[in-house]
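Visitor: Whole structure, please, built from the sequences with the hints as guidance.
The lines below spell out each chain.
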Amino acid sequence: KNEVEQSPQNLTAQEGEFITINCSYSVGISALHWLQQHPGGGIVSLFMLSSGKKKHGRLIATINIQEKHSSLHITASHPRDSAVYICAVRFHSGNQFYFGTGTSLTVIP
Amino acid sequence: DTGVSQNPRHKITKRGQNVTFRCDPISEHNRLYWYRQTLGQGPEFLTYFQNEAQLEKSRLLSDRFSAERPKGSFSTLEIQRTEQGDSAMYLCASSLALGETEAFFGQGTRLTVV
Chain P
1 KNEVEQSPQN LTAQEGEFIT INCSYSVGIS ALHWLQQHPG GGIVSLFMLS
51 SGKKKHGRLI ATINIQEKHS SLHITASHPR DSAVYICAVR FHSGNQFYFG
101 TGTSLTVIP
Chain E
1 DTGVSQNPRH KITKRGQNVT FRCDPISEHN RLYWYRQTLG QGPEFLTYFQ
51 NEAQLEKSRL LSDRFSAERP KGSFSTLEIQ RTEQGDSAMY LCASSLALGE
101 TEAFFGQGTR LTVV
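So the protein sequences, as listed, match chains P and E. Numbering of the first sequence is given in my numbering, commencing with residue 1 and proceeding in unit increments. Numbering of the second sequence is given in my numbering, commencing with residue 1 and proceeding in unit increments.
You can take every hint at face value.
Estimated spans, in silico, between C-beta atoms of each pair:
hint, chain 1, residue 1, chain 2, residue 2, range
1, P, Ser-50, E, Gly-72, 24 to 34 Å
2, P, Ser-93, E, Glu-28, 19 to 29 Å
3, E, Lys-14, P, Ser-26, 37 to 47 Å
4, E, Glu-52, P, Arg-80, 34 to 44 Å
5, E, Glu-68, P, Thr-75, 37 to 47 Å
6, P, His-78, E, Gly-40, 23 to 33 Å
7, E, Ile-12, P, Thr-106, 22 to 32 Å
Computed from the model, here is a short list of chain P residues facing chain E with C-beta under 7 Å:
hint, residue
8, Gly-42
9, Ile-43
10, Ile-86
11, Gln-96
12, Gly-100
13, Thr-101
14, Gly-102
Don't read these hints as lab results, they were simulated from the structure. Every residue gets a Cβ at the ideal spot worked out from N, C-alpha and C, and that includes glycine.
Guide: Structure below.
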């Protein structure tokens, strides 16, 4: 069964804290996306990964293919980072994306 | 190219009415996906097209739902005889083909059935 699990489900942080959001999946994948969704808004793709690590500004995404696990890190968090962060994977066995339920992040000033 | 565009952004309709949403993908993308997202949940797959061919449909896509991509460019998703349970965000995404290709998402159409 193709499954994607995220943790934590909800996260509250003080401005400036280092944040980690985790994503685990059940079987081999061809691609993994980290997505950001603001309340009432559409989805923005932050990263697409198939191996290793990517960095963009204060955001870092890593993936461990052997452990079937990815993490999204936010350094020096800011209130504008408050959003839902969603992990989405495309499994080798299929053509569609499967999504985690998201991590709702609130950064308090 | 301004990315994936969805129209309308918001739609309020009475139960029993038909609604149609449109998605304009990134022009060179041959794959187009429709997803539905209910409050507090991650998006769920509805269907996808490769060019004009609809290659896969979820069991979530009941007989009241139909999607088309007539010329392999824009796509429409129609819901007939809407029900309150259809209230959700309908998301469209596009990409090239399989493998290490990035998917781009539209802003979504939020449907409210009253």
